[in-house]
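S.K.: Given the coordinates of chain A, work out where chain B with the ligands should sit on it, guided by the hints.
Chains as they are written, first to last, in the working numbering: chain A, 3 to 238; chain B, 194 to 457.
Simulated from the structure, these hints should not be mistaken for lab results. Being a predicted model, the structure only gives us computed values, none of them experimental. A virtual CB, placed ideally from N, CA and C, is assigned to each residue, including glycine. Hints may be right or wrong, so weigh each one.
[Said to hold, decoys possible] BS3-like, lysine-lysine: derived pairs with alpha carbons at most 27 Å apart:
#: 1; chain 1: B; residue 1: Lys-275; chain 2: A; residue 2: Lys-158
#: 2; chain 1: A; residue 1: Lys-158; chain 2: B; residue 2: Lys-431
#: 3; chain 1: A; residue 1: Lys-4; chain 2: A; residue 2: Lys-33
#: 4; chain 1: B; residue 1: Lys-209; chain 2: A; residue 2: Lys-53
[To be verified] Listed next, with one range per pair, are the computed distances between beta-carbon atoms:
#: 5; chain 1: B; residue 1: Pro-333; chain 2: A; residue 2: Glu-86; range: 58 to 68 Å
#: 6; chain 1: A; residue 1: Pro-230; chain 2: B; residue 2: Pro-333; range: 32 to 42 Å
#: 7; chain 1: B; residue 1: Ala-265; chain 2: A; residue 2: Lys-45; range: 37 to 47 Å
#: 8; chain 1: A; residue 1: Glu-48; chain 2: B; residue 2: Arg-249; range: 26 to 36 Å
#: 9; chain 1: B; residue 1: Pro-336; chain 2: A; residue 2: Gly-127; range: 49 to 59 Å
#: 10; chain 1: B; residue 1: Phe-270; chain 2: A; residue 2: Asp-190; range: 50 to 60 Å
#: 11; chain 1: A; residue 1: Lys-28; chain 2: B; residue 2: Glu-309; range: 51 to 61 Å
#: 12; chain 1: B; residue 1: Pro-213; chain 2: A; residue 2: Ala-52; range: 25 to 35 Å
One-letter residues, chain by chain:
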Amino acid sequence: MKLITVAGPPSSGKTSMLLRVIDWFKEQGLKAGVVKFDCVASKDDERYRAKGVPVLLGLAGNLCPDHYFVTNIEACARWGQSLELDILISESAGLCNRCSPFIRQALAVCVIDNLSGANTPTKMGPLLKQADIVAITKGDIVSQAEREVFQYQVRKVNARAEVLQINGLTGQGKERLGALLTQAQDIDTLDGRKLRFSMPAAVCSYCLGETKIGSDYQMGNVKSIAIPDVPRPEVS
Amino acid sequence: MTDSIQSITILGGRSKSGQPEDVNLRLVPGDLVAVVGPTGSGKSRLLADIEYIAQRDTPSGRCILINDQPPASELRFAWGRKLIAQLSQNMNFVMDATVAEFISMHAECRDNSFEEAGLEKLIGSVVSQANRLTGEPIHPDTPLTALSGGQSRALMIADTAVLSDSPIVLIDEIENAGIDRRQALDVLVQNQKIVLMATHDPILALLAHSRIVLKSGGIADVLRSDEGESELLEELQKADAAIMAVREKLRRGERLEGPGFKIS
Ligand SMILES: Nc1nc2c(ncn2[C@@H]2O[C@H](COP(=O)(O)OP(=O)(O)OP(=O)(O)O)[C@@H](O)[C@H]2O)c(=O)[nH]1
Ligand SMILES: [Mg+2]
Ligand SMILES: [Zn+2]
Ligand SMILES: [Zn+2]
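Excised from the complex, chain A in its bound form:
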């Protein structure tokens, strides 16, 4: 089974794009399944199920979805193997721009849309930098010049990745993306594999449920913003 990790900002077109690519997989006689990771709610599982795609939905609740991902992906991979899938895709909405669910030797796809702003790629962190494939969606809404400029901005951040434009509504580009995805390596087990990028070091009192504001309530791994010439409250 191949494992493909797909991540991108909320509503960037991940599910639309994947549903199209999964159609293409079916035409090639390949069976794909999906695990969707999200924060509080998602209806993506219904969209996959409606297309007959086996799907798991994992909601991270008060955890970062990428932290939740890394603690659950191995079990999900075993689920995929038990269904004899050819391809298991994980879809996660990368939210904090600091985490990314990419695993070494598992093909990593970043989905980003043409509307997200010319400077967004430079702000995106490992989600974009560590991807093998960058799929840019919603090109139908912008001019050719804007597509070119945006793609160029993406290249500046990640020159190594295969960058392609795909339309989540019509599926234009799905054949090329599909062909790239089928070149992913097969995996036997994830046990002992490594993330491409460490998750943030963030065990502070707020990670543990604190809600009150003030220096008295801050504990653990806390970082103060630099503000010139203003006395800062001491961190205990």
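M.R.: Chain B with the ligands alone, transformed into the frame defined by chain A:
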């Protein structure tokens, strides 16, 4: 690679209802082709197939040949200078940049390496070209998203004309943008390009040497323009000039009187 385009060929696929399209249309540099048909008949789809250099891998099943051959993969997906310039129906920019920033970024990614002075000049020439097409002048410091529909369209056209020397140009309905469509066409259609233009405008349609007629998703016919149509075109252009003159007078707050405004 882009300067050696001798032809593109459209091989038919099938219409939305699965009817096969009996089409084998070869276009050569200098050809200007109109794409006509009701809204929703698949004009934009045809242009998208050409832009993608479809290889029977889009919903229409069409195949586009370049120089009588399927294109090499580099040609389809290559980065950098484009074989095909496309002016789609978008009437507005969404990018968060000023006009000048946008032109510089676009020039940079088209890998034209400019000195700063060269870049200034380039921005100036794109903006002044755009301002020839729109009545509301564009300033280089204006954010793209603050441009009106007409200004955006004029800038897109000027940018395409000045920055991309693509040998194939696809135009999707330039008429409904409140810009001078005849000038726009002149700017885009320099000699020895292959131009396809989706249009509802009779003058633009008749300016073309031939017309691809679309019906319910499929190419229903390809018509060559004839002498009778050329004569009709002249009449229409006179009428159009008269209407433009009236519009201009009204705009200036003048009265319309006298036989000067009788049409034909
Ligand atoms: N115009 C256009 N709309 C698109 C395209 N791709 C996706 N959309 C639309 O964008 C919206 C979000 O698409 P989704 O596929 O749900 O995005 P997502 O990334 O899976 O969203 P989450 O999983 O909720 O984070 C939907 O309304 C889609 O129809 C595209 O290429 N063009
Ligand atoms: Mg989704
Ligand atoms: Zn995170
Ligand atoms: Zn914390």
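S.K.: For the pair we were handed, Lys-158/A and Lys-431/B, check the Cα-Cα distance against 27 Å.
M.R.: Not satisfied, since the Cα-Cα distance of roughly 52 Å exceeds 27 Å.
S.K.: Can the suggested window of 25 to 35 Å be confirmed for the beta-carbon pair Pro-213/B and Ala-52/A?
M.R.: Given a distance of about 31 Å, which is inside 25 to 35 Å, the answer is holds.
S.K.: Confirm or reject the claim that Ala-265/B and Lys-45/A have a C-beta distance inside 37 to 47 Å.
M.R.: About 42 Å separates the Cβ atoms of Ala-265/B and Lys-45/A, which means 37 to 47 Å holds.
S.K.: Can the suggested window of 58 to 68 Å be confirmed for the beta-carbon pair Pro-333/B and Glu-86/A?
M.R.: holds (60 Å)
S.K.: Given the hint that Lys-275/B pairs with Lys-158/A, test it: the Cα-Cα distance must not exceed 27 Å.
M.R.: Roughly 19 Å between the alpha carbons, so the hint for Lys-275/B and Lys-158/A holds.
S.K.: So does Pro-336/B sit 49 to 59 Å from Gly-127/A, Cβ to Cβ?
M.R.: Distance hint for Pro-336/B, Gly-127/A is violated at roughly 26 Å.
S.K.: Take a look at whether the Cβ-Cβ distance between Phe-270/B and Asp-190/A falls inside 50 to 60 Å.
M.R.: Taking Cβ atoms as reference, Phe-270/B and Asp-190/A lie about 32 Å apart, which means the hint is violated.
S.K.: Does Lys-53/A sit within 27 Å of Lys-209/B, going by the straight-line distance between their CA atoms?
M.R.: holds (22 Å)
S.K.: Between Glu-48/A and Arg-249/B, does the C-beta distance stay in 26 to 36 Å?
M.R.: holds (33 Å)
S.K.: If you draw a straight line from the CA of Lys-4/A to the CA of Lys-33/A, is it 27 Å or shorter?
M.R.: The hint holds at about 11 Å.
S.K.: Do the beta carbons of Lys-28/A and Glu-309/B sit within 51 to 61 Å of each other?
M.R.: holds (53 Å)
S.K.: Please check whether Pro-230/A and Pro-333/B have a Cβ separation lying inside 32 to 42 Å.
M.R.: holds (34 Å)
The earlier numbered hints that this structure contradicts are 2, 9, 10.
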